[in-house]
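Starting from the structure of chain A, add chain B where the hints point.
One line per chain: the protein sequences are A and B, in this order.
For what it's worth, this note's numbering labels the leading residue of the first sequence as 1, then goes sequentially.
For what it's worth, this note's numbering labels the leading residue of the second sequence as 1001, then goes sequentially.
Just so you know, the hints here were simulated from the structure itself, not pulled from any lab data.
Ideal Cβ placement from N, Cα and C applies to all residues, glycine included.
Worth double-checking, as some hints may not be accurate.
[What the hints assert, rightly or not] Stretch by stretch, here's where chain B covers chain A in the computed footprint (C-beta under 8 Å, at least three residues):
#1 5-11
#2 26-32
#3 35-42
#4 52-62
[To be verified] Sample of chain A residues lacking proximity to chain B, with all beta carbon distances greater than 12 Å (derived):
#5 Phe19
#6 Leu20
#7 Glu45
#8 Arg46
#9 Arg49
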Amino acid sequence: MMRLVVDLNRCQGYAQCAFLAPDVFAMHGEESLVYSPRAEEEQRERLARAVAACPVQAITADGLDGVAGGASDAAH
Amino acid sequence: MPPTDYLEWLRREGRIVVVGASLAGLRGAETLRAEGFAGELTMIGDEPYEPYDRPPLSKGVLLGRAAPNHTELPHRLEIDAKWRLGVAATGLDVEAKRVRLADGDEVEYDRLLITTGVRARPWPKEDEARLDGVFTLRTRDDGARLLRRMKAGPRRVFVIGAGFTGSEIASACREQGIPITVAERAGAPLVGALGGVIGAVAAEMHRENGVDLRTGVMVTALEGDPAGRVRAVHLSDESIVEADVVVVGLGAVRNTDWLAGSGLGAGPRGIACDAGCRAFDFRGIVTDDIFVAGDVARSPHALFGYQFLSLEHWGNAVAQAEIAAHNMISPSAERRPHLWVPAFWSSQFGVNIKSVGVPPMGEQIMITQGSLAERRFVGVYGFQGRTIAAVSFDNTRWLEFYQRQIEKATPFPVEFATVDRRPEGRAPVDADFPDPALPTHGPMVTLSGYSPTDQQLVFHPSRH
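Isolated chain A, as found in the complex (with noise of 0.2 Å):
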């Protein structure tokens, strides 16, 4: 299982993530985002791809590097 949260203030409803892992993510209406905040291990690579993939950088999800400043460049 893998943990996500999309923050929702950057989030500008490009939609590339309901294309790209669309069992993780769902418009509803014209630019609202649902999306649930956790997500099957089979979908990691989706997951994945909809991270790289977000125009503003708005996805976190547990082992993918989502936000700028983020695990990968920690000190610990």
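For chain B alone, coordinates are given in the frame of chain A:
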């Protein structure tokens, strides 16, 4: 020990305690580790769960798109903390640098981060609040309970208060065909946050989607049956609405009770802190080792006249926790101010509502793009000749532009040309916020003047 040596020691082997294990607490802890804090980290939380996300509880969870017990937040990195979950902090000894816990334990700290947030304001009549079928919505347990009732097919859900949470619950109910009544004492939904001009649009959305919206009324009583289940709601206009589920959406109460007597500047309005997130004591003197972030904090914002703002916004919890954590382990020259421009979102009736800045400071509003009637627009709020906030309905991609205008204090009324400007948006109108000094319901009488000779009774008619 000189200050720089102390900081070196703190970063290497000091003890940092975070009270409040939700979004702000987690992001603060992650920032401490990311910036090199190698000492002992303790996370204290009153709920027995690891940090989870709350916004889905009134949206995706009620729509069945997410499970209420599966909204745990992803971790940006391993924080290697000692977790004390399911045990509330009950007291703080500032002198001894100790946090007291509900189970009698005490935890010592060298520096403390307080992120205790808010809780749902309960229905004030306790015997009525205890009726089966009466809910608040703040925690995942609340979400699970409400979801179970909604799935069981209630005859009618009744929501008290048409703020964001109440409106989102109403939207989720209608989407599932559940009959719903919403009572709001102001003239329209969202009036406190966005004013009456936008509130009127929200009211139309409710009604078009089949919500039985009642405005300008207050709930006077919740009526139970002999088995202790709620069965009806009594209103100030003397009407009675039968309902088997009641959700109390009356906003939030700040979790500062545990700080009573601690000497910190904490109370119902939050914990006052400086722009660098250091808590004030009750004398108004800034403390050195206690930091605050998230919903419970109240800090001055340079962009908004140095007003002390407390913001119950998801983005504020993240941004302020990052600043607080950075400042906790940095020398004063490297400390940063919390200058995040307030922003929030809500999703209801299929419409994406977003805002930047501080709309309630606005005196006037202009619809600079789109139109209210189409429910796709941007509204800009002005205060004393400058742009202070903006709101968008299904028009989020423009908001960043308006955020820059707010940051630059662009003059208001807005003079720049915008895409899709309509005649209705050429002139500003009163944003129609209720006077915060007056209750929003019913007529009232107040007494003015100080000396007995100039005292006057003033009648205030009902505002809405």
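Against the earlier hints, flag every one the structure doesn't satisfy and list their numbers going up.
Failing hints: none at all.
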